[in-house]
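Participant: Here is how the chains run, residue by residue.
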Amino acid sequence: MRTTRPDGNCFYRGFAFGLCEWLMTLAEPEDVTRVVSVFEASKADLLAAGFDEFIDDFWAMTMAPLRAIKGGNYSHDDLLACFRDQERTEYIVQFMRFLVSLHLAKNADFFQFFIEGSGLSVDEFRRIEVEAVGRDADHVQITALTAYLDLAVRVVYLDQSTTADGAASEIVIPDGGRPVCTLLYRPGHYDVLYE
Amino acid sequence: MVSSTSARRRLMRDFKRLQQDPPEGISGAPHDDNIMTWDAVIFGPEETPWEGGTFRLSMTFSENYPNEAPKVVFVTKIYHPNVYSDGSICLDILGNAWSPIYDVAAILTSIQSLLSDPNPSSPANAEAAQLFNENRREYNRKVRETVEASWAEDDDSDSDSDDDDDDDDE
Numbered sequence: 001m002r003t004t005r006p007d008g009n010c011f012y013r014g015f016a017f018g019l020c021e022w023l024m025t026l027a028e029p030e031d032v033t034r035v036v037s038v039f040e041a042s043k044a045d046l047l048a049a050g051f052d053e054f055i056d057d058f059w060a061m062t063m064a065p066l067r068a069i070k071g072g073n074y075s076h077d078d079l080l081a082c083f084r085d086q087e088r089t090e091y092i093v094q095f096m097r098f099l100v101s102l103h104l105a106k107n108a109d110f111f112q113f114f115i116e117g118s119g120l121s122v123d124e125f126r127r128i129e130v131e132a133v134g135r136d137a138d139h140v141q142i143t144a145l146t147a148y149l150d151l152a153v154r155v156v157y158l159d160q161s162t163t164a165d166g167a168a169s170e171i172v173i174p175d176g177g178r179p180v181c182t183l184l185y186r187p188g189h190y191d192v193l194y195e
Numbered sequence: 001m002v003s004s005t006s007a008r009r010r011l012m013r014d015f016k017r018l019q020q021d022p023p024e025g026i027s028g029a030p031h032d033d034n035i036m037t038w039d040a041v042i043f044g045p046e047e048t049p050w051e052g053g054t055f056r057l058s059m060t061f062s063e064n065y066p067n068e069a070p071k072v073v074f075v076t077k078i079y080h081p082n083v084y085s086d087g088s089i090c091l092d093i094l095g096n097a098w099s100p101i102y103d104v105a106a107i108l109t110s111i112q113s114l115l116s117d118p119n120p121s122s123p124a125n126a127e128a129a130q131l132f133n134e135n136r137r138e139y140n141r142k143v144r145e146t147v148e149a150s151w152a153e154d155d156d157s158d159s160d161s162d163d164d165d166d167d168d169d170e
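Taken in sequence, the protein lines are chains A and B. Heads up: the first sequence begins at 1 in my numbering, then just goes up one per residue. Heads up: the second sequence begins at 1 in my numbering, then just goes up one per residue.
Each hint should be verified, as a subset may be incorrect.
[What the hints assert, rightly or not] A few chain A residues that don't get close to chain B, going by computed Cβ distances all over 12 Å:
1. N9
2. E21
3. T25
4. M63
5. R88
6. I115
7. S121
[What the hints assert, rightly or not] Chain B regions said to be covered by chain A (calculated; three or more residues, Cβ under 8 Å):
8. 22-34
9. 99-112
[Said to hold, decoys possible] Label-pair restraints from in silico Cβ distances:
10. B:E46 x A:R34: 48 to 56 Å
11. B:D86 x A:D78: 27 to 35 Å
12. A:D85 x B:A149: 42 to 50 Å
Worth flagging that the hints you see were computed from the coordinates, not collected in a lab. Where a beta carbon is used, it is the ideal one built from N, C-alpha and C, also for glycine.
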C-alpha cells in the first residue's frame, strides 16, 4: 500500500499516481498513446467548453510527466519526486478536477439525476463539489473522471459496507472495466493499494 | 523556488488581465516592491444603497497561490452582514469553495456583488444581518453612513499613505 496525504485531494492524487504507474509498467503502448493523447486534447476541450484560459498552467504541469512517460524517459523515482512535490501535485490534482467538471458539464443531463439528491444543480455541484480545492471525490466524480479518460479504477471499501464475513467490499468504476489501479477507501480517505 | 515563480507568474497574469479588461467599478494593483500584496478599490454598485462608496481592500497572496485563496480584507470600515469588524470577509470562494480558476478580477467582482447581495444566513455581523432581514430602511441608512464615511476615510488615507515622489516637488 502507498499512503497518500490525508486531505480532500487524496482520490485525485492516488488515481493520478496509479494511472502514471500503470502507464509506465502494465499499459500496452497503444494504451499509453491513447491516454496521453486524451490529455493532450483536453486543453482544447476545456477551452471549448468555456473554461478560463488559466487552466493551461494546470494542463502543462500535468502533461510534463505524461509526455516523459510516453517518451520512455521517466523513472519511478521521477514519478515519486513529482508526486512528493506539493506544488506539482496540487496542479495535477486540480487538473483532474477540471476534467471531472468538464465531463459533468458536457453530460449534465445524465449526471443531473445523480446530483439532484445533493440539492445542487450540476453547475453548483461542479463549482462546490468538484472544482473547489480540497473537496473529496465521491462516486459521481470518480465516474466522470474515468468516463472522460475511458479508463477504470477499482475502489476497495473498508467501511460500513464491509461484508458480514469481514471481507472488504470492492467496486470497479465503471462496472466491468479493466482497472488501471486500486484505491483503498477508508471513510474520508483513499490510499493506493497493490495486489 | 519553483513555487515562488509560479505564484508570481500567475499574479502578473492576473494583473495584466485586470489592466486590459477591468471589470466596472473595480481596480487593483500589487505593491511596487511586492507582487504578493495588493491594494484594491471597489466602488459601490450603482442603483444600490452602496452607490458612490469607495471601499479599499488589501489582498495578501501566499507562495501557494493560486492553489490557495488569498487573504482579502476591507481596509475601509464597512457595515455589512458578511464582513467582520476586523474587515475580513465571509465569502465561500475565499474559503471552502476556493478554486484556482478565480483570479483577482473574479474575486473583486464577487466581493462587489456581495455588497448589494448579502447572504444574511451566514452572518459575520449579526446586527447587520438582522437589520437587513427585519428593517431594510434602517439597514440602508447604516449602509449610506458607511458610504459617506468611506469618502472621509479616503481623504485620510490619501493624506497619510501618499508616499508618491511628488511630496518632494516644491
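Participant: So, for every hint listed, does it hold in this structure?
Facilitator: Now for the hints, and whether the structure bears them out:
A cut-off of 12 Å between C-beta atoms contradicts the statement that N9 of chain A is not in contact with chain B; the least separation is 10 Å. The Cβ of E21 of chain A lies farther than 12 Å from every Cβ of chain B, with a closest approach of about 23 Å, so its non-interface assignment holds. With a minimum CB-CB distance of about 27 Å to chain B, T25 of chain A clears the 12 Å threshold, and the non-interface call stands. Distance check for M63 of chain A against chain B: the nearest CB is about 15 Å away, which clears 12 Å, and the non-interface claim stands.
Interface exclusion of R88 of chain A from chain B breaks down, the closest Cβ pair being 8 Å apart, not more than 12 Å. Against chain B, the non-interface label of I115 of chain A holds: every CB pair exceeds 12 Å, the least being about 16 Å. Once the 12 Å rule is applied to beta carbons, S121 of chain A is consistent with being away from chain B; the minimum gap is 14 Å. By the rule of at least three residues with a Cβ nearer than 8 Å to a Cβ of chain A, the coverage given for the stretch 22-34 of chain B is violated, with 0 such residues.
Look at the stretch 99-112 of chain B against chain A: 4 of its residues bring a Cβ nearer than 8 Å to a Cβ of that chain, three or more, so the hint holds. The supplied range of 48 to 56 Å is met by E46 of chain B and R34 of chain A, whose beta-carbon atoms lie about 53 Å from each other. Separated by about 46 Å at the C-beta atoms, D86 of chain B and D78 of chain A break the suggested range of 27 to 35 Å. Hint check: D85 of chain A to A149 of chain B, Cβ distance near 47 Å, so the stated range 42 to 50 Å holds.
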